[in-house]
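Line by line, the protein sequences give chains A and B.
Going by the numbering used here, the first sequence opens with residue 1, and the numbers climb by one from there.
Going by the numbering used here, the second sequence opens with residue 1, and the numbers climb by one from there.
Don't read these hints as lab results, they were simulated from the structure.
Check before you lean on any hint, since a few could be wrong.
Subject to a maximum C-alpha distance of 20 angstroms in a straight line, what follows is the list of computed SDA-like cross-link-like pairs (lysine to any residue) [stated by the list, open to error]: (1) B/K499 with A/D13; (2) B/K307 with A/T28; (3) B/K499 with A/E20; (4) B/K499 with A/V12; (5) A/K112 with B/R155.
Some chain A residues flagged as far from chain B (calculated, every beta-carbon gap over 10 angstroms) [stated by the list, open to error]: (6) P16; (7) R49; (8) N65; (9) H82; (10) L187; (11) D188; (12) M203; (13) K221.
Yeah, the Cβ is synthetic: ideal placement off N, Cα and C, and Gly gets one too.
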Amino acid sequence: MRFSVYRYNPDVDAKPYMQEYDIPLEPTDKMLLDALIRLKSHDDTLAFRRSCREGVCGSDAMNINGRNGLACITTVAELGGHVTLRPIPGLPVIRDLIVDMTQFFRAYHSVKPYVINNDPAPETERLQSPEDRLELDGLYECILCACCSTSCPSFWWNPDKFLGPAALLQSYRFIADSRDQATNERLDDLEDPYKLFRCHSIMNCVDVCPKGLNPTRAIGKIKDIMIKRMV
Amino acid sequence: MGLPVRSFDAVIVGAGGAGLRAALQLSEAGLKVAVLSKVFPTRSHTVAAQGGISAALGNSQEDNWLWHMYDTVKGSDWLGDQDAIEYMCRMAPKVVIELEHFGMPFDRLDNGKIYQRPFGGHTQEFGARPVQRACAAADRTGHAMLHTLYQRNVRARTQFFVEWMALDLVRDADGDVVGVVALEMETGECMILQARATLLATGGAGRIFASSTNAFINTGDGLGMCARAGIPLEDMEFWQFHPTGVAGAGVLITEGVRGEGGYLLNSNGERFMERYAPTVKDLASRDVVSRAMAVEIYEGRGCGPNKDHVLLKLDHLGPEVINHRLPGIREIAIRFGGVDPIKDPIPVVPTCHYMMGGIPTNISGQVVAPHGTSPDEVVPGLWAMGECACVSVHGANRLGTNSLLDLVVFGKAAGDHAIEWLKANPVQKPLPANAADLSLSRLARLDGQKDGESVTDVGRDMRNIIQRHAGVFRTGEVLTEGVSKIREVAERVKRTAIKDTSKVFNTARVEALELDNLIEVAMSTLITAHTRTESRGAHARDDFPDRDDANWMKHSLYYSEDQRVEFKPVRLKPLTVDSIPPKARVY
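Work out the full structure, taking the sequences as your base and the hints as a guide.
Below, the structure written as structure tokens:
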């Protein structure tokens, strides 16, 4: 298999470059991550993140032939013998395919990603109807891989001001939770020209999400609630 | 020494379920805590747990923590310590309700309570019939739990050291643990994190096997650190083979599939578990189901062109149940098994899944080791919890959903105990002069190694040996050969070399350091498996097919320094209730 891989090591490289590899794969190398591990057994200097190898931990997000995805659930077969790998775009590169995700997590933390409920805790669970629980489907499953936010032009332009699709999806996950009492406070926090409203429904996030989630719809729902609150 | 030093009340190594649960206790108590993790916390392997977390809530059917306790003792094949098992099962409802209050998105029943599903080995009235005890968030319970615990730690402003790898414990001349030496991956620099309390929550080590459901990060780091510091490892011969790993890929398919009504078929289309476990069939304990599958395959009733797997049928559940209760399974089956389970059965094989053994602890999570006349003398300043620990609630075989429970019950218990201990021990002991020597010598060896072997080659040989010599069925001959082969690999691990010389995010270096930990786990596994001449739970020996309570109802303790094995008694006395006496294990 032919690989063109983005290489940058700040210890030795003045600037990044693309390195070409031609590596024979084994029949067991079914996923791109398997192929990358094969490559790394030939050149251990290539740095990338990986862990669960089944698409739930969110470590191995990368730009695969121009499109963000997870290496562990991208099949080698669908790549057709040649793949170009770059780090997910828009975040500072630490080394090779590893980016600095500080900005991404800062946005996530800023939405207060936890249930806020100031009632005294009951002896048993807080009841929630199956219908109310269903509202969380398509939201709570996010794996924070950053494929969405780093494919979003609005996040590229204003990573420090626009929260990006991943953080906003999580913001709505708590707004939508029937156990949460802080909807107003959450909406107040988003009243700002950038944080929420820089989403222009380009929908790259929906296109690339490896879990099939729809941040644009969640963002739309937050906007709806905000407008309803204003009138 | 020369390394920078930072000082904390507590250092926690690992940010999975156990580490995060402990961190929450300590942070909310206002203590200065550092949580180290090789990966961003939500990437820890707890995230991959699927089926549920057990608690006798009785939301759908009558249940009782005593029944849960009985099931756990029986599941452990009477190797579990009954004081710890009582504590865990009693605490289960409380800690699960707490998770719900933290915001965990459990599935719900029509009355708004937490949804519970049946699982292997969970029964009503001491084995009479299956019960719905596994509290579930679809088939993503671990993901829901880990994210919730991380989110709660964000709220508590816990301080994380993300992408830091702990290398070694720092023990002073008294044997007290006073912190850890750790490597910051991004810079390649080392630091001493000094602490009055050091808590290990480094998870499992399933990566000693060639075929494993475990993540790449599950390399037994806490076990390696303890082994090198003279602390024994307990019950390392006991590894759980999960019945349903996707054939070829090793990716986990939850037992919840069988809980929801799925079952296993051999090449004759026979539901063979009816022969092996007439009462609970496909919901027998994992060791029982895995062995039954191995027998079917061995006797020529495996499926596929190579007759090397069996089939997990669930299409009869219908698209609605599959899409609502098992959506992640459908995703995995399509991606890794090449089948859509709505239409076709999933090819599955027993796959290494969980380490029942680990760092010996008491029910407060304090690490203990024999000293003088006591089998359980505390190692001051050190706690361990979760999969890296052996408390022991799982004994010779863990019940499904008891692992997530173990994490939160003992994560919380260790956190609470450390808080009290910190109050009683307010003075930080000084660091010994040689605090960083072991870590620095390991790094110097690796950086200076000439003509060494690649980590890939040595690691592959280790995994293949463990796979071949410590699998579902073991014999004296296979184990003897395995011990001598793994000793050869252990010598080669001392001479690994890497080509990457960079300081910045040198993942080759991290993998070499991980192999130092894996080999400790691999050695302890083969040597203790060779020593134990009986069959109990997941440790099945063809040459000693029966459980031998007279000689072997005891925990093994492996000491790395001279590769010796000692023993300590099983704690048969629970905290408050009557002991559950050993009997034959039938499902």
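Here is how each hint holds up against the structure:
1. B/K499 with A/D13: Given pair B/K499, A/D13 holds - Cα atoms ~17 angstroms apart, limit 20 angstroms.
2. B/K307 with A/T28: 18 angstroms, holds
3. B/K499 with A/E20: 18 angstroms, holds
4. B/K499 with A/V12: 14 angstroms, holds
5. A/K112 with B/R155: 7 angstroms, holds
6. P16: 13 angstroms, holds
7. R49: 7 angstroms, violated
8. N65: Correct as stated: the minimum Cβ-Cβ distance to chain B is 18 angstroms, above 10 angstroms.
9. H82: It holds; A/H82 is separated from chain B by about 22 angstroms at its closest Cβ, greater than 10 angstroms.
10. L187: 19 angstroms, holds
11. D188: Check passes; 18 angstroms lies beyond 10 angstroms.
12. M203: 22 angstroms, holds
13. K221: 17 angstroms, holds
Going through the hint list in order, the structure does not satisfy hint 7, though it satisfies all others.
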